[in-house]
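If you want the building blocks of each chain, they are given just below.
There are 2 protein chains.
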Amino acid sequence: MKVIKKELNNYMEISSLGACLGQRVELFGRIHKIRVMSGFAFVILRTGGGFLQCVCDLPMENLTEGAWVRLEGVVAEEPRSKAGFEVRIERIEILSLPAEEPPVVVNNREVNASLSTLLDYRPLTLRNEKETAVFKVQSEICKGIRAFLDGQGFVEIHTPKIVGGNAEGGANVFGLDYFGKPAFLAQSPQFYKQTMVGVFQRVYEIAPVFRAEKHHTARHINEYTGVDLEMGFIHSFEELMALETAMLDSVFEHLKESCEKELALWKVELPVVDSIPAISFEEAKEWVARVYGRPITDVYDFEPEEEKLLGELVKKETGSEFVFVTHYKTAKRPFYTMETPGNPEVTESFDLLFRGMEITTGGQRIHNYHAQVAKMERLGMEVDAFESYLMAHKYGLPPHGGLGIGLERLTARLLGLDNLRRAALFPRDTERLTP
Amino acid sequence: MKVIKKELNNYMEISSLGACLGQRVELFGRIHKIRVMSGFAFVILRTGGGFLQCVCDLPMENLTEGAWVRLEGVVAEEPRSKAGFEVRIERIEILSLPAEEPPVVVNNREVNASLSTLLDYRPLTLRNEKETAVFKVQSEICKGIRAFLDGQGFVEIHTPKIVGGNAEGGANVFGLDYFGKPAFLAQSPQFYKQTMVGVFQRVYEIAPVFRAEKHHTARHINEYTGVDLEMGFIHSFEELMALETAMLDSVFEHLKESCEKELALWKVELPVVDSIPAISFEEAKEWVARVYGRPITDVYDFEPEEEKLLGELVKKETGSEFVFVTHYKTAKRPFYTMETPGNPEVTESFDLLFRGMEITTGGQRIHNYHAQVAKMERLGMEVDAFESYLMAHKYGLPPHGGLGIGLERLTARLLGLDNLRRAALFPRDTERLTP
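Listed in order, the protein sequences are those of chains A and B.
Take 9 as the starting number for the first sequence in the numbering used here and just add one per residue.
Take 9 as the starting number for the second sequence in the numbering used here and just add one per residue.
Don't read these hints as lab results, they were simulated from the structure.
If you're wondering where the values come from, they're calculated on a predicted model, not measured in any experiment.
A hint or two may mislead.
Note: identical chains are not told apart, hence a pair may lie in one copy or across any two.
Said to hold, decoys possible - With a cut-off of at most 25 Å between alpha-carbon atoms, the simulated DSS-like pairs for lysine-lysine come out as follows:
| no. | residue 1 | residue 2 |
| --- | --- | --- |
| 1 | K41 | K138 |
| 2 | K324 | K14 |
| 3 | K151 | K264 |
| 4 | K264 | K13 |
| 5 | K10 | K316 |
| 6 | K151 | K275 |
| 7 | K383 | K402 |
| 8 | K14 | K222 |
| 9 | K138 | K402 |
| 10 | K14 | K264 |
| 11 | K316 | K222 |
| 12 | K14 | K323 |
| 13 | K144 | K41 |
| 14 | K90 | K41 |
| 15 | K323 | K13 |
| 16 | K275 | K324 |
| 17 | K222 | K340 |
| 18 | K264 | K144 |
| 19 | K10 | K340 |
| 20 | K144 | K324 |
| 21 | K151 | K13 |
| 22 | K10 | K337 |
| 23 | K41 | K402 |
For reference, chain A alone in the conformation it holds in the complex (with noise of 0.2 Å):
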């Protein structure tokens, strides 16, 4: 028998080559950009870790941009190069070359394509540095949500997404055939994240979710990725805002760390959030009616133009590009919602708007057995097929609540991004299924 040892593959940070003056060094990477000048190339080498400018004077007859290759050098000063140095190139080995041209251009700073060519052709044009970043940035993003909720003692859990039940009782399900029985995609945690506050209290799950929405728009995709908390003995929903307040506040500063290029290509001033104003949804929809003169349609709910207005309102009252939008009504929010107390017409819950968009819902739930079914009973809601939901009341939930955030639209508000199909890698919509 062989025996295979713990080990990790070598791999150059950019970052650590200028210790490195006048050693000889191995890079990985691919080949970004060729300039031949008389006698030498620029061979500006992509590397996972950044750019790196390389000179080289050997023949590189088969070497094209887009090539992955695996080079030798010596790390040299070089004052007129970005980083201060360059590496002068003595071995190059290819590794992999494109088997044709591509047909867009991804080299350059950003890709000049449409949205459908750029989405189309997404294996490639993620290679452009700016749509790459998009993704560096999201995965940050979940970093530090994650850092921040794991000190805060949630625990992260993963929950089924195939269900058997339609859980939130909506029109806006995908079904499926599950070994001949009807089967649902979950479109959200919402029902085992309840059930895990009787666990571990604190949880969270960052997982797919599916929304069988037939919206065509610039603000929805079919299915995206739902980054879900729920925390028990909570007094009031302000205080799942005080905490997503916390949150955003820390993963800001953790991006200000770890993404500083990436935001700067995207020229990202990060947004302060100390504190986030709040405003009742009555409130707020006579706000924008009154200053805009626009008349109320839709009581239930904000148009997207009315969040775009309401943004701008609000930034220009504190200086917040975030709002808190308090107490929707009780017909419009699920039934678990619990109502506020004095006021059944309203509920304890809450959107967050960020950049004129909702990128959060969350609310307190209804954690009594009795007063649960007794709403689902008013709603006239069978009871019985929700069973499973309900033995976690049964046996006893403490007060709690949550809220999900949509991770693209996150992403997409934070970079300025107009098409929320820009921050999925390979968004899925009523029209795409690929690639």
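Let chain A serve as the given structure and place chain B on it in line with the hints.
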């Protein structure tokens, strides 16, 4: 407008109580046990951080086991308590009471019930100490994996679970109707993680995968959590095995620190994984056949019994509870698997067995576009159907490979669970869609 300030929900860790002797503290939790003595009672409080012995001489009419409470009390030295202190309760606020007596006792060390009862009453039975511990360990396994991979320059990705093609070409896929078009649930993120090697070179994803396998055994579930990684610039698939060895070693180190109590509950000895033996598939089959006098009936795969016997042989021979099995036959591995140079009958692939069960499949992939297309044509595949997958190869991919770990299998093997369902919060099998 109101202003929500960032604020953290106060929450007292039991481990910090020892430093609060003589102080009045506020605690939240569930009443685990009440033992009435003469003139007072022992009240065991279950919190996220563990169990806490409290003493109470207040009236407790409504207080029941299973109630969720807020307690105020004074921390007092008490050598007879395990922790060395206890809390003398001065105020009890009942936050939530169970509506019914639980049909299964969960506040003993173990739940004394059949597997189907355990799963039918999952929202309740998960509250049992040992059941809870399984998922604390599982969450820490994920944390350990992420910490390791983040440290190695891997970027976390989120890829779609609704896919337009039957990716792996197998029969075991769930189909669904996607706005009138046929779609499938992803059996793995294989194509997407390979594609993303062209973008980030090192990527990983921890996300649900779906297998419509009709197996109804102790080692199969139909939705599980895949820990998938893919890495560019490998020289050989052995580097993947070396990386996985290092990762497991690092994860177990993390568990040692973070899950001492949970591992003790399950009487787990963490395996040592400085190195892991590796044996070729063919040798392994022959070895087991020879030692146990078993005729070889399936030349392409292990029977479950053979996996178990191989595990025992390797343990006896080397002391290792892990074994890599390498060089699976080309006919049995997916079309993207690289064949062994000089021996196209077998592949640069491996499985990892842990205590007699496969927990990982991995290998080097074909990165060259022409080689991949030629192999697909040889296999009679419809190459055009894979256009968006092959785009990554067409515009160049570095040599790469990766692996996938079943999170539930790793958890189950580590804790010695006799059925994979026990390592999933809400398992899905051919019969089970709820809870």
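Each hint tested on the structure:
1. K41 with K138: Only inside one copy: K41 and K138 sit 16 Å apart there, 57 Å across copies, limit 25 Å.
2. K324 with K14: The answer is between: 21 Å across copies meets 25 Å, while 57 Å in one copy does not.
3. K151 with K264: both (13 Å within a copy, 23 Å between copies)
4. K264 with K13: Close across copies (21 Å), not inside one copy (37 Å); limit 25 Å.
5. K10 with K316: This pair counts as between: shortest inter-copy Cα distance 20 Å, intra-copy 63 Å.
6. K151 with K275: This pair counts as within: shortest intra-copy Cα distance 21 Å, inter-copy 32 Å.
7. K383 with K402: Classified as within; 15 Å inside a copy, 58 Å across copies.
8. K14 with K222: Close neither inside one copy (50 Å) nor across copies (36 Å); limit 25 Å.
9. K138 with K402: between (51 Å within a copy, 22 Å between copies)
10. K14 with K264: between (34 Å within a copy, 18 Å between copies)
11. K316 with K222: Within one copy, since 22 Å is at most 25 Å while 50 Å is not.
12. K14 with K323: Classified as between; 18 Å across copies, 53 Å inside a copy.
13. K144 with K41: Within one copy, since 22 Å is at most 25 Å while 48 Å is not.
14. K90 with K41: Intra 16 Å, inter 66 Å, cutoff 25 Å: intra-copy only.
15. K323 with K13: For K323 and K13, the Cα distance is within 25 Å only across copies (17 Å; inside one copy 57 Å).
16. K275 with K324: within (21 Å within a copy, 60 Å between copies)
17. K222 with K340: within (19 Å within a copy, 41 Å between copies)
18. K264 with K144: For K264 and K144, the Cα distance is within 25 Å only inside one copy (13 Å; across copies 31 Å).
19. K10 with K340: So K10 and K340 pass the 25 Å test across copies only (23 Å; inside, 63 Å).
20. K144 with K324: Cα proximity of K144 and K324: none, with 31 Å in one copy and 46 Å across.
21. K151 with K13: Between copies only: 23 Å across, 29 Å inside.
22. K10 with K337: between (66 Å within a copy, 19 Å between copies)
23. K41 with K402: between (64 Å within a copy, 19 Å between copies)
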